[in-house]
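Peer 1: Assemble the complex: chain A is given as a structure, and chain B must be docked to it using the hints.
Protein chains in written order, with the UniProt record's numbering: chain A, 1 to 74; chain B, 1 to 246.
No lab work stands behind these hints: they were computed from the structure.
Note that the coordinates shown come from a computational prediction; the quantities given were computed from them, not determined experimentally.
There's no promise every hint is true.
The list that follows gives simulated cross-link-like pairs (lysine to any residue, SDA-like), each with its CA atoms no further than 20 angstroms apart [unchecked claim]:
hint	chain 1	residue 1	chain 2	residue 2
1	B	K116	A	V5
2	B	K6	A	I74
3	B	K179	A	L54
4	B	K116	A	I74
5	B	K152	B	A136
6	B	K116	A	L70
7	B	K179	A	I50
8	B	K116	A	I73
9	B	K116	A	F71
10	B	K116	A	A4
11	B	K116	A	L3
12	B	K179	A	A51
13	B	K6	B	K152
14	B	K116	A	L54
15	B	K179	A	I73
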Amino acid sequence: MSLAVLAGGIMIAFGALAAGIGNGVLFSRYLEGIARQPEAQGTLFGQSMIALGLVEALPVISIAFGILVLFGII
Amino acid sequence: MDLTPKVKFLGMTFDVTLMIGSVVSALIVLLLVFLLTRKLSVRPGGRQNVMEYVIDFVSGITGMMLEKKESARYLSFALTTFLFILVANLLGVVVMVTATAHGPIPSLGITAADLKLTDSVSWFKSPTSDINVTVAMAGAIFLYSHFAGIAKSPLGYLQHYVKPFWWMLPIHIIDEVSKPATHALRLWANIFAGEVLILILREGTFYFTGIPLFAWMGFSVFVGCIQAYIFTVLAMVYIAQKVGEE
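Just chain A, with the same shape it has in the complex (with noise of 0.2 angstroms):
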């Protein structure tokens, strides 16, 4: 077994943790908004996906590394 199997395992793994975290927090605060406010839910569904997009993208940019890295391209 190579060390770059090791090296995508844990980019995957960070990755993987911090998409975890960011969208707990991201999602709780959006389902603590729509406690306060039940008629805010449309709008506010709009607005939590757009956060989504940008919060995961650098996860998944980390993954998307990882997954080069394990498969040994770079």
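Peer 2: Relative to chain A, chain B alone:
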């Protein structure tokens, strides 16, 4: 992680898969918009309603960032970007054509060293799942935003680098470099990771190819729509930062 056929021409390497993918998605967008805008009438029905909904959606993006007069100028650009990326992202989820190479093919740039990694050759995949395509698109938007800023007011363009204090110049330069880099990587990484997972699930056993594959494909459709939207929003933000302020 499949190989792609490459052709050398005038000292440059062209990826045949990406060219096929880009041309097919561009043709689909052209055909879609052409068919949806036939027989326009004041009282819209059916197909025209769909197109008007899409244009309303995109003009919402441009109107969010720019003033009304400016936003009309960039509407067609934003619409083209959005539709092309949306179609390109969604095509890769549905259609993936791979072939198996039984030996090195020098005319398509497949060498024996490549075949040690994998022997499957991709002929059709999502063009946005390759970093060259997204870097090209983000780079074009980067150049366009700077050009639009200089064309509007050359002095104001130079001044915004030293606002609010002169010592913020290095921060502004780092910001300008990181913007196109993250813009390109964001789209590429999302589509690439989705496509690799589809490939892995597809080649797994029966337990992988059933419900997990369909669940992940559904999620890929969602991610493709979100990323097309975000790419357009960020392109408009970058243009608005250069054009918006006096």
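Peer 1: It remains to establish, for every hint, whether it holds in the given structure.
Peer 2: Now the hints, each set against the structure:
Taking the CA atoms of B/K116 and A/V5, the gap is near 17 angstroms; set against the 20 angstroms cutoff, the hint holds. Note on B/K6 and A/I74: the hinted pairing holds, with a Cα-Cα distance of about 19 angstroms set against a maximum of 20 angstroms. For the suggested pair B/K179 and A/L54, the alpha carbons sit about 13 angstroms apart, so the restraint of at most 20 angstroms is met. About 15 angstroms separates the Cα atoms of B/K116 and A/I74, which keeps this hinted pair within 20 angstroms; it holds.
Between the alpha carbons of B/K152 and B/A136 the distance comes to roughly 24 angstroms, so the proposed pair goes past 20 angstroms and is violated. A hinted pair counts as satisfied when its Cα atoms are at most 20 angstroms apart, and B/K116 with A/L70 qualifies at roughly 15 angstroms. This hinted pair checks out: B/K179 and A/I50 have alpha carbons roughly 18 angstroms apart, not beyond 20 angstroms. This hinted pair checks out: B/K116 and A/I73 have alpha carbons roughly 11 angstroms apart, not beyond 20 angstroms.
Note on B/K116 and A/F71: the hinted pairing holds, with a Cα-Cα distance of about 11 angstroms set against a maximum of 20 angstroms. Only pairs whose Cα atoms come within 20 angstroms are accepted, and B/K116 paired with A/A4 is accepted, the gap being roughly 16 angstroms. Taking the CA atoms of B/K116 and A/L3, the gap is near 18 angstroms; set against the 20 angstroms cutoff, the hint holds. Under the criterion of a C-alpha separation no larger than 20 angstroms, the hint pairing B/K179 with A/A51 is consistent with the structure, at around 17 angstroms.
Simply put, B/K6 and B/K152 have alpha-carbon atoms about 41 angstroms apart, too far for the 20 angstroms limit, and the pair is violated. Straight-line distance between C-alpha atoms of B/K116 and A/L54 comes to about 37 angstroms, which puts the hinted pair past the 20 angstroms bound. Among the hinted pairs, B/K179 with A/I73 is inconsistent with the structure: their alpha-carbon atoms are about 26 angstroms apart, more than 20 angstroms.
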